[in-house]
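**Q** Take a look at the letters that make up each chain.
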Amino acid sequence: MTLFTEFGRYLLMLKGMFSKPENMKMYWKELMHQCNEIGIGSLGIVIIISFFMGAVSALQTAYQLVSPVIPMSTVAQIVRDTVILEFAPTLVCIVLAGVVGSKIASELGNMRVSEQIDALEIMGINTRAYLVLPKIMASIIVIPLLVVLSAALGIYGGQLASTTAGILSPSQYETGLLQYFQPYNVFFALVKAYTFSFLISSIPAYYGYHVEGGALEIGRASTKSVVVSCVSILGADYVLAAILLH
Amino acid sequence: MIEVKNIKKGFGERTVLNGVSVTMQAGKCNLIIGASGSGKTVFMKLMVGLMVPDQGEICYDEKDFNKLNNEEKKEIRQQIGMLFQGSALFDSLTVEQNIMFPLNMFTKDTYAQKLKRVNEVLERVRLKDVNRKFPAELSGGMKKRVGIARAIVLNPKYLFVDEPNSGLDPQTSLVIDKLVQELTLEYNITTVVNTHDMNSVMEIGDHIIFMYQGKKEWEGSNKEIIFNKNERLNEFIFASEFLKDAKDMRMLEQTGKIDNNRDMDKLIG
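Going down the list, the sequences are from chains U and G.
Counting with this note's numbering, you get residues 232 to 477 for the letters of the first sequence.
Counting with this note's numbering, you get residues 19 to 287 for the letters of the second sequence.
Hints are computed from structural coordinates only; laboratory data are not their basis.
For each residue, glycine too, the CB sits at the ideal point set by N, CA and C.
Take the hints with a grain of salt, since some may be wrong.
Stated by the list, open to error - The calculated PhoX-like cross-link candidates involving lysine-lysine, where the alpha carbons are at most 20 Å apart (straight line), are:
no. : chain 1 : residue 1 : chain 2 : residue 2
1   : G       : K233      : G       : K63
2   : G       : K126      : U       : K260
3   : G       : K91       : U       : K251
4   : U       : K251      : G       : K126
5   : U       : K246      : G       : K92
6   : G       : K91       : U       : K246
7   : U       : K256      : G       : K126
8   : G       : K146      : G       : K134
9   : G       : K132      : U       : K260
10  : G       : K92       : U       : K251
11  : G       : K63       : G       : K26
12  : U       : K256      : G       : K132
13  : G       : K175      : G       : K81
14  : U       : K256      : G       : K92
15  : G       : K23       : G       : K233
As the list claims (entries may be wrong) - Listing some non-contacts, in silico: residues in chain G with all C-beta distances to chain U over 12 Å:
no. : residue
16  : R32
17  : T33
18  : A44
19  : G159
20  : Q189
21  : K233
22  : N240
23  : A257
24  : T273
25  : G274
Work out the full structure, taking the sequences as your base and the hints as a guide.
**A** This is how it looks when you write it as structure tokens:
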């Protein structure tokens with residue numbers, strides 16, 4: 232299948248998600264279920280990654296700042312900006328592409344192979360609307376929140392690592408955090424978070440929903456969805472940076 | 019009533035169904051039989067709207083399903099119940115939640131009313147104390163019965179059953195066949211069963227359609243099948259010596275004579 236055919240099918244899947252819900256209450260329940268699965272389910276890994284990401288970033292920045300004319304509080308400033316601009320939205324979303332993406336692809340793939348999607352279709356339910364849309368909406372709601380949490384934890388991790396290592400005092404770190412702070416960076420991070428959360432839910436949903444075959448194909452779809460999601464995140468990251476940071 | 023008119027379906031160069039026309043008899047068990055690859059599954063998927071035919075019509079009460087808009091299709095689909103080969107129960111839901119799912123989606127009943135209906139259909143398929151169990155905790159036969167319960171919970175007008183006996187022991191297969199037949203008569207459902215199982219053919223086949231290489235080769239009832247002269251059908255249905263014997267016995271019982279081309283002396287000798 233060519234890239235254009237796949238992209239066409241992907242767009243058709245997205246278009247097919249929008250129809251009048253058979254029962255709003257059931258759709259709401261499914262949305263809440265997905266918010267819980269994606270948000271709470273990924274919380275642990277996001278906390279661990281974010282904390283260590285900030286800590287290592289602080290230590291490595293301090294190691295590279297050898298010039299006596301640059302104040303050490305700059306470490307906090309660099310940690311803040313790298314975490315907000317890149318690490319929290321991009322790195323966390325790449326990890327979530329693996330965690331959430333493979334889960335979405337394998338769940339839908341398994342439902343397809345075991346005819347559960349057919350069973351829903353025969354009942355008269357729009358499966359794209361009932362199965363795919365809540366996953367994408369839940370990701371768009373929850374993942375930006377995880378990115379904000381990740382940024383906060385990353386900055387805190389940097390503070391803890393740099394004070395524990397005796398590089399900076401807590402007050403020096405706080406001073407550095409407030410230096411040249413640009414609120415636009417937070418806006419940029421959120422734009423990235425919303426874009427990536429759409430990509431890491433819709434791409435695996437596409438691969439999972441269109442699985443044909445058996446267990447082997449579910450595994451392949453899951454792997455392919457993670458790879459394509461990661462590449463898409465990197466591509467979108469570059470495009471957004473080129474558009475929004477100039 | 020379901021009418022299939024001159025239906026054709028292919029995948030790439032390969033033609034799977036080539037001009038099949040058949041009318042499913044209302045309130046009866048209609049069986050589609052045929053060897054693997056004869057187009058039975060595609061035929062059923064076309065009838066329930068999971069696939070679109072390349073040519074031809076599938077009419078529910080004289081309305082061509084594929085020419086209806088989405089809302090009209092939904093209305094017809096809500097009159098359809100289907101039991102899948104692998105039961106297709108939702109893994110993450112309990113038996114009770116599985117059966118209650120169509121009620122939650124399409125009715126405004128209270129929880130108590132829905133639970134009452136769930137227990138009614140569970141009792142009808144002769145299952146007890148399984149409400150809180152997950153599909154993974156059930157045997158193959160129990161899964162099929164839960165699948166049937168879910169299929170009939172909204173009182174469907176049409177029931178489609180795909181390979182009801184696959185993976186089941188002969189005794190459980192008979193129980194499932196009997197259940198399908200009883201439900202067909204009790205609720206006056208038009209049932210369409212896709213099967214390979216010769217027990218099912220002889221026991222519940224009010225109307226049998228034999229498919230051969232994408233075409234309808236023979237059509238009749240389980241009473242007529244014994245006397246049929248179609249070579250392909252006989253080769254398929256009475257494949258073993260044991261089944262040939264059974265056919266002869268049934269023929270002897272019904273007509274007082276055996277009409278076959280078998281060398282009986284050789285068989286006895």
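**Q** Give a verdict on every hint.
**A** Against the structure, the hints come out as follows:
1. For the suggested pair K233/G and K63/G, the alpha carbons sit about 16 Å apart, so the restraint of at most 20 Å is met.
2. The suggested pairing of K126/G with K260/U holds, with an alpha-carbon distance near 16 Å, which does not exceed 20 Å.
3. Distance restraint check for K91/G and K251/U: the Cα-Cα separation of roughly 14 Å lies within the 20 Å cut-off, and the hinted pair is therefore satisfied.
4. Simply put, K251/U and K126/G have alpha-carbon atoms about 17 Å apart, close enough for the 20 Å limit, and the pair holds.
5. Simply put, K246/U and K92/G have alpha-carbon atoms about 18 Å apart, close enough for the 20 Å limit, and the pair holds.
6. As the CA atoms of K91/G and K246/U are separated by approximately 19 Å, the hinted pair is consistent with the 20 Å bound.
7. Distance restraint check for K256/U and K126/G: the Cα-Cα separation of roughly 11 Å lies within the 20 Å cut-off, and the hinted pair is therefore satisfied.
8. Restraint check: the Cα-Cα separation between K146/G and K134/G comes to about 14 Å, which is no more than 20 Å; the hinted pair holds.
9. Of the pairs offered as hints, the one joining K132/G and K260/U holds, with about 18 Å between alpha carbons and a cut-off of 20 Å not exceeded.
10. Between K92/G and K251/U the CA atoms are separated by roughly 12 Å; this keeps the pair inside 20 Å, and the hint holds.
11. For the hint linking K63/G to K26/G, the alpha-carbon distance of about 13 Å falls within 20 Å, and the restraint holds.
12. Only pairs whose Cα atoms come within 20 Å are accepted, and K256/U paired with K132/G is accepted, the gap being roughly 16 Å.
13. About 15 Å separates the Cα atoms of K175/G and K81/G, which keeps this hinted pair within 20 Å; it holds.
14. The straight-line distance between the Cα atoms of K256/U and K92/G is roughly 18 Å, inside the 20 Å bound, and the hint therefore holds.
15. About 12 Å separates the Cα atoms of K23/G and K233/G, which keeps this hinted pair within 20 Å; it holds.
16. For R32/G, the non-interface assignment is confirmed: its Cβ lies about 16 Å from the closest Cβ of chain U, beyond the 12 Å cut-off.
17. Look at T33/G: its CB is around 20 Å from the nearest CB on chain U, clear of 12 Å, so calling it non-interface holds up.
18. Every CB of chain U lies more than 12 Å from the CB of A44/G, the least distance being 20 Å, so the non-interface label holds.
19. Every Cβ of chain U is farther than 12 Å from the Cβ of G159/G; the closest lies at roughly 18 Å, confirming the non-interface assignment.
20. The claim that Q189/G lies off the interface holds: its Cβ sits roughly 25 Å from the closest Cβ of chain U, which is beyond the 12 Å cut-off.
21. Distance check for K233/G against chain U: the nearest CB is about 25 Å away, which clears 12 Å, and the non-interface claim stands.
22. Here N240/G stays apart from chain U, with its beta-carbon at least about 27 Å from theirs, past the 12 Å limit.
23. At roughly 28 Å from the closest C-beta of chain U, the C-beta of A257/G stays outside 12 Å, upholding its exclusion from the interface.
24. The claim that T273/G is not at the interface with chain U holds, since no C-beta of that chain comes within 12 Å of its own (minimum 43 Å).
25. Remark: the non-interface label on G274/G is consistent with the geometry, its nearest Cβ contact in chain U lying 47 Å away (cut-off 12 Å).
Hint violations for this structure: none, all hints satisfied.
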